[in-house]
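K.L.:
If you want the building blocks of each chain, they are given just below.
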Amino acid sequence: MKQALKRFFDGDLWYSFSHSPIVILSAVVTLLIILAAIFAPWIAPHNPFDLAAIDIMDSNLPPAWNEFDGDIRFLLGTDDQGRDILSTILYGARISLLVGFASVAFSVVLGVGLGLVSGYVGGRTDTFIMRIADVQLSFPAILIALLIDGVARGIFPRELHDELAVYVLIFAIGISGWVQYARTVRGATMVEKGKEYVQAARVIGIRPGTILFRHILPNVTGPVLVIGTIHLALAIITEATLSFLGVGVPPTTPSLGTLIRIGNDYLFSGEWWITIFPGVALILLVLAVNLLGDWLRDALNPKLR
Amino acid sequence: MISFIVKRLLQSVLVMLTVAFVAFALFNYVGDPISNMVGQDTTFAEREQLREQLGLNDPFIVQFGRFVGKAVQGDFGLSYHHKQPVSDLIAERMPATLELSFISALMSLLLGIPLGVYTALHRDSIISKLIMTGSLIGVSLPTFLIGILMILLFGVVWRVLPTFGRGDVVHLGWWSTGLLTESGLKSIIMPAFTLALFQMTLIMRLVRAEMLEILRTDFIKFARARGLPKRSVNYRHALKNTLVPVITITGLQIGSIIAFAIITESVFQWPGMGLLFIQAISDVDIPIMAAYLVMIALFFVVINLIVDVLYFLVDPRLRVDRVSSGR
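First to last, the protein sequences are chains A and B. Under the UniProt record's numbering, the residues of the first sequence are numbered 1 to 305, in order. Under the UniProt record's numbering, the residues of the second sequence are numbered 1 to 327, in order.
Just chain B, with the same shape it has in the complex (with noise of 0.2 Å):
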């Protein structure tokens, strides 16, 4: 067990590392960072003046570990475009996706588990073929379709919801939260549909398939020879088990419904850490860039060992399925 988990970390630094190599590479050899920190006036002494106070006539390797030293506190220097220090933008855009993330993967879970349930007992009505036709609809269609169609629908013709924005939000501290709004509640409904919808069909398909699975094993019979009402034998003991697998995909999708935020951010012009990344795409903005990267990359690793942590310690089966394929 300490073993594994120390396998795993070591893995996910390894990660982190090649990711903030990534991120530094960016930063010093797209373009040249001093002449994008400085005017056009400034003389050529003055910019080696300051790139010898920047270290950037260092080692390779004495930058790359000032770089890693200075991202692990959180600081990737200025952005250029903005000229204010990356982590603060970050921070200051970081509650809103956070919050469009979380109630989208909410919105997933509450709508695709009981879809799914729905479907794996009914299997053969007609409503659970109209939901997954559907469901394969959904997944062909790209995000931002579905969220310029909901914008035409519920924002022009029948002008019911806000099509951008996060509207009025409260400040508790360093996180502002639009969810003790109306008009930030209402704000948040679109695009946190428009971002669940994949997550949604995805469980969906997760649940039916193992509900499937599991209302054949034995202890399902054997549940239903005893004469259990349907109820209990339905949800107390197939769902159940279901929900394992359910939850570790679904915390390994809280990573990509992050970055899918990009998106869906900048279909509503939701004012997130995704919508700050796009436009330092279009800018250039590398300090924004290679910090979005390295903390993307953070979110997926802390979440990937968790995850398979959580494995480990809620289901045994597993336990002896890994050890024996020597991962």
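Looking at chain A on its own, in the form it has when it is part of the complex (with noise of 0.2 Å):
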């Protein structure tokens, strides 16, 4: 273990990692948003979801700055219904990181899956699983995750779907970013296929299942990791997106794009609070993951070194 620590702080992806004051930046900021995501419950000065807690005669408050009516007990406001603004942020990146990491590893493991046997398969298997991926790719994703939240929306009834919408936007937003998985790991699959220890594998006799998820699987993972930061922006904006066209997270849980929705809708009565906070939150957290994610490709593509 110490070994592989030593490695690691030796090797070329922390020097290059140390040496950019602005990926440090990125790292502190995405890891500060996740950790206060995760103990939103506890450190969140209010608990926006207790509605014996809530007061509507505090509603639509300004920052604890304004001179007129700002109160220090809700330090960015309070929206519409008297929730303290900074406490819905809190739980609301609880929300959207949820839906951005549950929906980047459901395309993982669904892209990742369908290009090793596409790859090593081959002939007819690996045509059609690659002309479904042909036919998706001419659309963009936002429209295929709002064609799938449509659907489940035809499907449950509305009770039910107000529930399940999390799950829902998850499966729609992790369906609509397979393609790029799949293609990368096919194509380092069909490499891999070839090579000595795969022939030698299979000539032992070992079942083409394990050979594919033992053998091939972690030769294949490397560019997964970099797709995978940049996907989780991406599926973070998308989630957001959909929240806010009013198709994703519903506003009794809201998400930062549901914060932002609500806060839309009095923009023009002067209440910019309400959207605006929400708003820098999910920009800081896209634009960190973001450059984590170009650093993270740089750094890992051997043709820049």
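Hints listed in this document are in silico derivations from the structure and should not be mistaken for laboratory results. These figures come from a predicted structure and were not determined experimentally. Any given hint could turn out to be false.
Claimed, not checked - Selected chain A positions facing chain B (in silico; Cβ < 8 Å):
(1) I148
(2) P157
(3) L160
(4) T241
(5) N264
(6) F268
(7) T275
(8) N290
What the hints assert, rightly or not - Pairs of lysine to any residue residues, derived as SDA-like cross-links and limited to a Cα-Cα distance of at most 25 Å, are as follows:
(9) B/K129 to A/V23
(10) B/K7 to A/G270
(11) A/K193 to A/D134
(12) B/K7 to A/D134
(13) B/K129 to A/S16
(14) B/K83 to B/A20
(15) B/K186 to A/G270
(16) B/K129 to A/A27
(17) B/K129 to A/V280
(18) B/K7 to A/F139
(19) B/K70 to A/V135
(20) B/K83 to A/G11
(21) B/K7 to A/I129
Each residue gets a CB set at the ideal place from its N, CA and C atoms; glycine is no exception.
Build the complex from these two chains, which are given one at a time in their own frames, with help from the hints.
P.N.:
Structural data, given as structure tokens:
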């Protein structure tokens, strides 16, 4: 273990990380937001979902530094229902990150799985899977996610749908993102398939499933990490966009996108803080993750070294 | 050449059939079409009669055939929510979306190409670095947030631009345009810019990369050696050669501009097809969803086809590449 750590800190990856202030800053911001989201119930000044604790009299209060109506209890002001903006942002980031990570995980499992099979089996299976990928790739991801969400609305009754909304979103965003993984992994698998160690494994009679997952999989996962990081930013944006459009997470358990949607109605009456603060949180999160992804791509790309 | 086009055409038809199949499956299996059409007090016998009348008891393949046949003629049935033919609703909304998409495609070209050329020619200047950093932030920002920020600045704080709708429109036959009135022109600025921003950064980065590539080639060096004026080398020789990929990428992006218009239209309450589609999802208005899906697919397929054929006609180098890679 100590050896592994030493190797990591002596390696190129750590070197390029520790010598780029912007990347360190992005990592810190990402980590802070993730921690804040995980520990939201403990660090949030209020519980925005506790109906007994919120008071409609506190609604639409401006941030604390406003000299007229600012209330020291509500640092970033309150929304239309009297919920503390800072607390809703912390809880909202939780849902945004949950949907983001879960849908990326779903895409990875689906994409890597199909890519492995496609690359290893080849022939008709390969053609079939790649044709589907081609068709899907000719549509923007957001459109596919929208459509799946629309279908889910038709299948489930309204009350049930609100409960399932988060899972529907994870499924929709996950489905809309698998193609890139599948293509990358397929290509890598086709290269690995011809190498000696795979032939050796086949000759000594190891089952195809085992060869795929124990032998080939570890050798094709390199690029998946890079795509995954960039995809995470995209998944968070997609979730926020869907929620903003009103087809994502319902207002009862708002994500950052839902909060922005709620606040958007109050923009014209001057209550800008309801929209802008969740918006800033979203921008910070997405920008930090994007910068990390860009760095990772360049750092792991042997061509650029 | 002919065999390539025929192959492409067949592929396109296959894509369209797949999409039509998805749309048809939506139409038939998400919810019960009958209970979506009739009131609560319709008797069971009447429902069965309607079911028979609409041919919902026919075999699957017959129904699918009928769906495709009608779709080809632009008939997607009645909207559950608006109780009007879907084709009318879409025809009514289409000019707004197409106008918005066209203006923003134009904007992204008119801003993106000069910016790309500038950042390529003055690679190390501070302004170029600022532009490049700005474009990274631009890519990271979700479209709807850019729209909201613009509304806050130009609509609420400075009050110089209208924040929703199309303004006054002029009807020219079946086409309605907002480009001929002052309020219409004012209204389109913010939505078009919001929609253009992402494509603009894309085009800018593409032009920059292509320019840098071409400025290194021998024929540019030769042009310089011949003592041609800088302007002529940069614009007549270099820029001209970057434009082929730019035009094709822009063509391919038109489809996604139309799709991304959903978000922009929703932010600015722009009365186009995207807004119709979003409302249809909220209302589970399957006929509109199905029709929109098929239409967007048609846009994509047709544009892809045109771009592919143009590739062949414009750039002889690609012909060799494509044939050798067996596509």
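K.L.:
Which of the numbered hints above does this structure break?
P.N.:
1, 2, 3, 10, 20
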